[in-house]
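Respectively, the protein sequence lines represent chains A and B.
Residue numbering for the first sequence follows the numbering used here, starting at 1 and increasing by one per position.
Residue numbering for the second sequence follows the numbering used here, starting at 159 and increasing by one per position.
I should point out that these hints are in silico values taken from the structure, not numbers from a laboratory.
Hints may contain errors.
[Claimed, not checked] Cut-off 30 Å, straight-line C-alpha distance, at most; resulting in silico cross-link-like pairs (BS3-like, lysine-lysine): (1) 219(B) / 325(B); (2) 628(B) / 598(B); (3) 603(B) / 38(A); (4) 291(B) / 325(B); (5) 603(B) / 628(B); (6) 190(B) / 230(B); (7) 457(B) / 16(A); (8) 377(B) / 16(A); (9) 230(B) / 149(A); (10) 443(B) / 603(B); (11) 96(A) / 620(B); (12) 219(B) / 164(B); (13) 16(A) / 38(A); (14) 16(A) / 462(B); (15) 52(A) / 443(B); (16) 325(B) / 450(B); (17) 462(B) / 603(B); (18) 260(B) / 190(B); (19) 443(B) / 38(A); (20) 16(A) / 52(A); (21) 52(A) / 457(B); (22) 568(B) / 598(B); (23) 16(A) / 603(B); (24) 377(B) / 325(B); (25) 292(B) / 377(B); (26) 52(A) / 598(B); (27) 457(B) / 567(B); (28) 219(B) / 190(B); (29) 567(B) / 38(A); (30) 443(B) / 16(A); (31) 598(B) / 96(A); (32) 292(B) / 325(B); (33) 377(B) / 457(B); (34) 219(B) / 230(B); (35) 484(B) / 291(B); (36) 462(B) / 52(A); (37) 52(A) / 603(B); (38) 450(B) / 52(A).
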Amino acid sequence: MSWDDAVASSIVNEYKHLAGATLPILHALQENFGYVDKRAVPLIADALNMSKAEIFGAITFYHDFRHEPAGQTVVKLCRAEACQSMGCESLVEHLKNAHGVEINATTEDGRLTVETVYCLGNCALGPAALINGELVGRVDEDLLDAVCKGQSHDRMAG
Amino acid sequence: MSTSIKIYVPRDAAALSVGANRVATAIASEAKKRGQQVEIIRNGSRGMLWLEPLVEVETAKGRVAFGPVTPKDVASLFEANFLTAGAHPLNLGLTEEIPFFKNQERLTFARVGVIDPLSVDDYIAHGGFAGLKKAVTMTGAAIVQEVADSGLRGRGGAGFPTGIKWKTVLGAEADQKYIVCNADEGDSGTFADRMLMEGDPYTLIEGMAIAGVAVGATKGFIYLRSEYPHAYQTLLEAIRTARAARWLGPAIGGSSYAFDLEVRLGAGAYICGEETSLLESLEGKRAIVRAKPPLPALKGLFGKPTIVNNVMSLATIPWIMANGAKAYADFGMGRSRGTLPIQLAGNIKQGGLIEKAFGVSLREIIETYGGGTHSGRSFRAVQVGGPLGAYFPESLLDTPMDYEAMAAKKGLLGHGGMVIFDDTVDLAQQARFAFEFCAKESCGKCTPCRIGATRGVETMDKVIAGDTSKLALIDDLCHLMTDASLCAMGGLTPVPVMSAMTHFPDDFNRAPKRMTPENLAAE
Ligand SMILES: Cc1cc2nc3c(=O)[nH]c(=O)nc-3n(C[C@H](O)[C@H](O)[C@H](O)COP(=O)(O)O)c2cc1C
Ligand code: SF4
Ligand code: FES
Ligand code: FES
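Isolated chain A, as found in the complex (with noise of 0.2 Å):
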């Protein structure tokens, strides 16, 4: 859904008696609004009794959290090093020279986000990504293509 205001204010008063809540009162409003947006800050700054500058310099901090939606199929692809002993980063260079995909940015049509993680925990069956929150291992090209094209696969339930 898109940031409104009203909830985003909702989910900060849902959060902020827990001690530290600044993690998560940020994740609450990406996990709803897909992104935090800049108007959070004053919001949770108040709500927290914490600066602007603070506020605004833990969001910027932390790698989780988007500057702006994100397209509707997120893959958080690792690329460190167990994945890299299995070739992630020629798939990195597949999705560049097969589908013109970046890797850290969005499709200008807004259907894929494709971002760097480091270590998913599926160092033995990598390279390894997380398709919608989906923990894929063994991620073959075959795979990227048909999540590219926005098509189902046998190795992926959703």
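Chain A is fixed; fit chain B with the ligands onto it per the hints.
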């Protein structure tokens, strides 16, 4: 009469990543079609990850394994009477007789893959909460002494004696103390924490509760990395059910002790695994590393005395309390007592979780357990201990897995991860990546780390392009980072870089004809 036969299909994320849910669904519908009564239990993984999805059937002789199973195999498994362990190409025999599994010393992982991870009853039936029951009858000092006597050292990487840390927190006077579990498991090539949290979460809960009883802390936090959504759900459910069964709450296990827990998600920052950065993050701030002293044990979360321990450290406590410090310390070598859950990963044929007493050689793990590379090409390097660990060549494989022995070879054990590379790896690229990773993940507090790592990337680019005169600069940068960084992020980034340069000098000196097929063939 057909009684219901127990079938185990793992819910571990690694098993799910290769289709375990689809296999479970296929088994359920095939059984229904055949009018066969089955009970499908979603267990943790046995750790033989190349065999996932590994399906087990309970028989009179024990659990029989089939794997790796795909949904397409399910009909033929029923055809072959797999419910009575019938012959089938995927039949692997008794799970616990598979050499990879049989030759381990599973203490911390004793229940993982065996039990239903979200059944308190199953946990108790397999010895669960015995350690906590004992702990509530002891004084805090006696518990801490037991932990100290076991020789347990922190499994998060630094290997600091757990008993000493607990003693400091026990001795601190405060109105509130905290137990924080470091479940940030950021190292590439590691997944032991994840497997335990998904496969036997009550063990972690029990370990944290014992820590709370020992030092007088009533509140705990598990700081879990956000890259582990499955572990998150499992922990939430485990905490909920443990609370319902009164193993968490105002009177844990019917004792006079109170202890409760919350899980908090990280947000994709490697540095949050560093304990003071983690505490800043839990407090809701940017995760800038704190200078020590003060130690977190004295001034930790919200300024209160805090135990920060790794998942493995805490999850080993119940075994130690239940079986005694001596039984634990009987395993291991030198000053590394007990067992290490080793994670064998990367380009390896048989990857997975291997819990062994300290002292096993890298070679035994790679060759006997791993069975060589996944690609079938020859082995070239292993990185031990995550992104801040050393790259070792063949000639160092006889090094025992022991904190001091690894340090003597200028490497480290870290969290016990081993990442295997075949002969297509370019160690100059890996050295460059070590700097790149540090540049991206640095908290930014100190110059040697923040600027040094960026300079390292630029300089490695020149080396890779053929300017080998720049190698001396890499050496200087590494010394600066080692000596002048505030924490081990900047301080240990030189370890992978220097080990790559020392053990694989050719890779730093072969521009511009790098990585051509002829080049590889000539080696
Ligand atoms: C950059 C960096 C990353 C770290 N990451 C982790 C981690 O992911 N998990 C962990 O348990 N310890 C990690 N540590 C070690 C912690 O700082 C700390 O030593 C540990 O949590 C203490 O628990 P232990 O004594 O049980 O090992 C890291 C340290 C550094 C410097
Ligand atoms: S060494 Fe790096 S990560 Fe550690 S405190 Fe300094 S800048 Fe931060
Ligand atoms: S390195 Fe890719 S999943 Fe761990
Ligand atoms: S803290 Fe400033 S240089 Fe390290």
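Here's how the hints hold up against the structure:
1. 219(B) / 325(B): 46 Å, violated
2. 628(B) / 598(B): 22 Å, holds
3. 603(B) / 38(A): Between residue 603(B) and residue 38(A) the Cα gap is close to 25 Å, so the pair holds against 30 Å.
4. 291(B) / 325(B): Status holds; Cα separation ~21 Å.
5. 603(B) / 628(B): 27 Å, holds
6. 190(B) / 230(B): 16 Å, holds
7. 457(B) / 16(A): 24 Å, holds
8. 377(B) / 16(A): Holds, because 19 Å separates the two Cα atoms, which is no more than 30 Å.
9. 230(B) / 149(A): 25 Å, holds
10. 443(B) / 603(B): Distance ~14 Å between residue 443(B) and residue 603(B) Cα, so the pair holds.
11. 96(A) / 620(B): 25 Å, holds
12. 219(B) / 164(B): OK: residue 219(B) and residue 164(B) at ~13 Å, within 30 Å.
13. 16(A) / 38(A): 18 Å, holds
14. 16(A) / 462(B): Holds, at about 21 Å.
15. 52(A) / 443(B): Holds, at roughly 12 Å.
16. 325(B) / 450(B): 18 Å, holds
17. 462(B) / 603(B): 23 Å, holds
18. 260(B) / 190(B): 34 Å, violated
19. 443(B) / 38(A): 17 Å, holds
20. 16(A) / 52(A): 15 Å, holds
21. 52(A) / 457(B): Given that 30 Å is the threshold and the Cα spacing comes to 26 Å, the pair holds.
22. 568(B) / 598(B): 24 Å, holds
23. 16(A) / 603(B): 28 Å, holds
24. 377(B) / 325(B): 18 Å, holds
25. 292(B) / 377(B): Cα-Cα ~20 Å, so holds.
26. 52(A) / 598(B): 24 Å, holds
27. 457(B) / 567(B): 35 Å, violated
28. 219(B) / 190(B): 25 Å, holds
29. 567(B) / 38(A): 49 Å, violated
30. 443(B) / 16(A): This hinted pair holds, its Cα atoms lying about 14 Å apart.
31. 598(B) / 96(A): Holds, because 22 Å separates the two Cα atoms, which is no more than 30 Å.
32. 292(B) / 325(B): Distance ~19 Å between residue 292(B) and residue 325(B) Cα, so the pair holds.
33. 377(B) / 457(B): 15 Å, holds
34. 219(B) / 230(B): 27 Å, holds
35. 484(B) / 291(B): 19 Å, holds
36. 462(B) / 52(A): Roughly 26 Å separates the two Cα atoms, so the pair holds.
37. 52(A) / 603(B): Measuring from Cα to Cα gives roughly 20 Å; hence the hint holds.
38. 450(B) / 52(A): 28 Å, holds
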